[in-house]
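S.K.: Going down the list, the sequences are from chains A and B.
Reading the first sequence from the start, the letters are residues 1 to 539 in the working numbering.
Reading the second sequence from the start, the letters are residues 540 to 856 in the working numbering.
What the hints contain is simulated information worked out from the structure, not anything from laboratory work.
Any given hint might turn out to be false.
Listed next, with one range per pair, are the computed distances between beta-carbon atoms [claimed, not checked]: (1) B:Glu-605 / A:Val-494: 36 to 44 angstroms; (2) B:Lys-675 / A:Arg-496: 53 to 61 angstroms; (3) B:Glu-605 / A:Ala-448: 35 to 43 angstroms; (4) B:Lys-675 / A:Gly-451: 18 to 26 angstroms; (5) A:His-527 / B:Pro-656: 25 to 33 angstroms; (6) A:Ala-514 / B:Glu-605: 42 to 50 angstroms; (7) A:Arg-496 / B:His-797: 52 to 60 angstroms; (8) B:Pro-656 / A:Gly-517: 20 to 28 angstroms.
Now the stretches of chain B that chain A is said to cover, found in silico as 3 or more residues with beta-carbon under 8 angstroms [said to hold, decoys possible]: (9) 651-661; (10) 754-768; (11) 782-795; (12) 810-821.
The C-beta atom is built at its ideal place from N, Cα and C for all residues, glycine as well.
Listed below are the residues making up each chain.
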Amino acid sequence: MHEIVVRILDDLRGSWRFRWLALAVAWGICVAGWIGVFLIPNVYESNARVYVDTQSLLGPLLEGLAVKPNVDSELAVVRQALLSRPRLEKVARDTDLDILAKTPAETAALILDLQKRLVISTDARTANSNSDGVYRITFTDTSREKSFQVVQTLLNSFVEDTLTGKREGQEEAQRFLSDQIAAHEKRLQDAESRLAEFKKRNIGRMPDDRGDYFVRLQHEMVELEKARQAVMLAEARRTEIERQLSGEEPFLFGFDDSSSTRQQNNSKTGDVAARIKELEAREQQLLLTYTEKHPEVIALEDTLANLRKQQEEELERVRQGQRATGSLSQSLKSNPVYQGIRVDLNRTEIQLAELRKDLAQRQSRVSELQRVVNEVPEVEAELSRLNRDYDVTRTQYQELVKRLETAKLTEDAAKTGVVTFQVIDPPAAAFDPVAPNRIVLLIGVLMAGLGAGGGVAYLMNLLRPVFHNTRMLGEVLGLPVLGAISRAWAERDVMRRRLELAAVSSVGVLLVAAFVGVALLSRAINHAAATTAGLGGPQ
Amino acid sequence: MSLVERALQKLQASRPSPAPVSRAPAPATPPAAPLSAPAGRSAVPLLRSPEDLRAGNARLLHVDRERLRGQQMLPALSQEREISDQFRAIKRPLLNGLPAEQDETLSRTIMVASALPGDGKTFTSLNLALSLALEKDLRVLLVDADAPKPHLTRAFERQDVPGLLDALADPSRHIENVILPTDVPRLDFLPIGKWHDTANELLASERMRDVVQRLADMYYPGIVLFDSPPVLLTNESRALATFLGQVVLVVKSGVTPHQAVKEAIATLGDDRRISVVLNNAPLGGVLGHYYGYRYGYGATRGQPAAGAGRRDNNDST
Chain A
1 MHEIVVRILD DLRGSWRFRW LALAVAWGIC VAGWIGVFLI PNVYESNARV
51 YVDTQSLLGP LLEGLAVKPN VDSELAVVRQ ALLSRPRLEK VARDTDLDIL
101 AKTPAETAAL ILDLQKRLVI STDARTANSN SDGVYRITFT DTSREKSFQV
151 VQTLLNSFVE DTLTGKREGQ EEAQRFLSDQ IAAHEKRLQD AESRLAEFKK
201 RNIGRMPDDR GDYFVRLQHE MVELEKARQA VMLAEARRTE IERQLSGEEP
251 FLFGFDDSSS TRQQNNSKTG DVAARIKELE AREQQLLLTY TEKHPEVIAL
301 EDTLANLRKQ QEEELERVRQ GQRATGSLSQ SLKSNPVYQG IRVDLNRTEI
351 QLAELRKDLA QRQSRVSELQ RVVNEVPEVE AELSRLNRDY DVTRTQYQEL
401 VKRLETAKLT EDAAKTGVVT FQVIDPPAAA FDPVAPNRIV LLIGVLMAGL
451 GAGGGVAYLM NLLRPVFHNT RMLGEVLGLP VLGAISRAWA ERDVMRRRLE
501 LAAVSSVGVL LVAAFVGVAL LSRAINHAAA TTAGLGGPQ
Chain B
540 MSLVERALQK LQASRPSPAP VSRAPAPATP PAAPLSAPAG RSAVPLLRSP
590 EDLRAGNARL LHVDRERLRG QQMLPALSQE REISDQFRAI KRPLLNGLPA
640 EQDETLSRTI MVASALPGDG KTFTSLNLAL SLALEKDLRV LLVDADAPKP
690 HLTRAFERQD VPGLLDALAD PSRHIENVIL PTDVPRLDFL PIGKWHDTAN
740 ELLASERMRD VVQRLADMYY PGIVLFDSPP VLLTNESRAL ATFLGQVVLV
790 VKSGVTPHQA VKEAIATLGD DRRISVVLNN APLGGVLGHY YGYRYGYGAT
840 RGQPAAGAGR RDNNDST
């Protein structure tokens, strides 16, 4: 510690040798620096506070986003909105800033410069986490008037735009929506008519409530099979009945007496005739309502023919062997069981005829369906495509209509007083320049000067070191040191040394005094500048 | 230094009215012939011993301390004790370092040198000589060998008296005859003599070597001190350094740059016996004791009356 102190003292002592040089350097730097400080032009600042509805500005960008934007991005948007290039060009024109800019490149540079110097910040007074939409617009210039003009012109131009209500964007959007709706409406109609036309053309070939083609075909085939089965059943039944009928005779002979047989025989012949009469009457009756081709009529015809043939056979048989069989057949015909079976047979035959007709019809229907087997799927695919097309168009149309309604609502809301831009504090420019802070600069120059002076002295001491004590002597030279002799005649020197010290310190004090003077001068100049600015410039 | 004063007073008291006794010039009395043929250092018979000189020369050189003080050749009265203590401290290692052998007479010749002018050679050599003369058994010769600026000779006002240069230039002149005994006991002074155009060459000549040897022999076991020109500004000091036994280099504190001192040492030759003295050391200060003169300074301060008393004495004489 002691050594360090000694070393520092030695250095100070050594540097002290160059006190005059140090003072000269300090003075030189201070004078030059102070002149430089005075040559820096004053910078004035003007500012205004505005309210900007960031939500309306940010709304379109933030659609569908749940995250709240931070202040920085809000600032960026506001900046973009306020400092657009055309607006700045207008400002430059109105404030005559563009006089100096001759070429387009210079104009571009000027606009860029304006963009940089126009500072938009969140208002300091409300600056918490969010800006609440209040922003401060600041512009600095060496001319107070100019700085004021720039801010004012900028605000004016923005206010104008707001008041004239140029909502280009919204109108554009609505027009677009309307056009789209019209187009979609037409498309929708087209789709509708196409679908109707198609339906008209392909009636019967389209799937209905019974299901599509294949379901129907299958159904028809099942039905056909059923009809076929029914026909087969009916035929089997008729065969059985016929067998029973032919097998009844022996059975009847055994049990019938002659009287009853005769009676029966008579009745039987009479019965056939009566039945023919009956059927004929019935046929007449049917023909009144149906044509001859009606299955029932045809069936009746067939039955009639059979009956007539039967009657003929009966008569023949009676004529040939009246004795042997005539009575028998006579009696047989009059047998009630036999009669019942015959009725049954008739009925079955009629039924069979009906079933056959039905079968034929079903067959023709199936074959018809099978014939169009290649066409139907195509039709169905086309139909579903048309349907889909129609559905899509309709959905879009509805969506557009909804949007248009929303847009109209929004515009209405905007028209009924949702403010997007409002001047809170009109532009104002301070009379005192904001920069340069001359006092600080002057102090800085003073410090720099003193530091440089001290530094030079120290450097010189390092460059030209001297001896301060015997130990240093021994260390540096490596020779035996006999001793030290005090400064003789120190007392006589005292006066001279004191005078010199006084001179040194007075020159130093003079420097500080000069600083004070310069500082006062700078204040006076500032004051004068503010006064003249106040007189000449806008308020 | 009060001791010197007292010794001087005693001496003056024991020798009543020395000045008017013999007006005869010293060089006239000795015959020149025996010295003209020097054969070697011990071989040459000394014409006279310093005692003979002193005895034969009634007119002693008066060391006027007031005048010297006025020329700042001696410390101010207030610093007298302090600085005499410092010289005492300096001479002690110097004397202790001297060899005891008879034939090493040359080692008792000391060159007081400095790198640059104004470092305080003359002050140092004079005060060192006075301090050495206080030793009871030590005869001291102070030689002014600074031809360009003979401060010592001027201080004693002996510019017109034949001196070292005359003896060097004229082989017939004996060096003993130009030595001036002073009224300080055991202290003699050799002035530079008349200015000579070839003073530098003379001081660097072989004759100078002989003279140095002769003086060393003559003053053995005393000390011969040479006040020399600045090393870095003159050529002869280097030659002088080769003739002399050792060098005391005076460095002025806070003034002489490191580089100058180093160059001076290189010029004198690394094989020389060189020791250093720091002159002009700063007074007191925060760490005054560090510089080693705190005691002396304090003592001086403690006895302010002593200096005043001496001054009265001096004035009266």
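S.K.: Now tell me if each hint is right for this structure.
M.R.: Here's how the hints hold up against the structure:
{"no.": "1", "hint": "B:Glu-605 / A:Val-494: 36 to 44 angstroms", "result": "violated (21 angstroms)"}
{"no.": "2", "hint": "B:Lys-675 / A:Arg-496: 53 to 61 angstroms", "result": "violated (40 angstroms)"}
{"no.": "3", "hint": "B:Glu-605 / A:Ala-448: 35 to 43 angstroms", "result": "violated (53 angstroms)"}
{"no.": "4", "hint": "B:Lys-675 / A:Gly-451: 18 to 26 angstroms", "result": "violated (60 angstroms)"}
{"no.": "5", "hint": "A:His-527 / B:Pro-656: 25 to 33 angstroms", "result": "violated (59 angstroms)"}
{"no.": "6", "hint": "A:Ala-514 / B:Glu-605: 42 to 50 angstroms", "result": "holds (48 angstroms)"}
{"no.": "7", "hint": "A:Arg-496 / B:His-797: 52 to 60 angstroms", "result": "violated (26 angstroms)"}
{"no.": "8", "hint": "B:Pro-656 / A:Gly-517: 20 to 28 angstroms", "result": "violated (44 angstroms)"}
{"no.": "9", "hint": "651-661", "result": "violated (count 1)"}
{"no.": "10", "hint": "754-768", "result": "violated (count 0)"}
{"no.": "11", "hint": "782-795", "result": "holds (count 7)"}
{"no.": "12", "hint": "810-821", "result": "holds (count 9)"}
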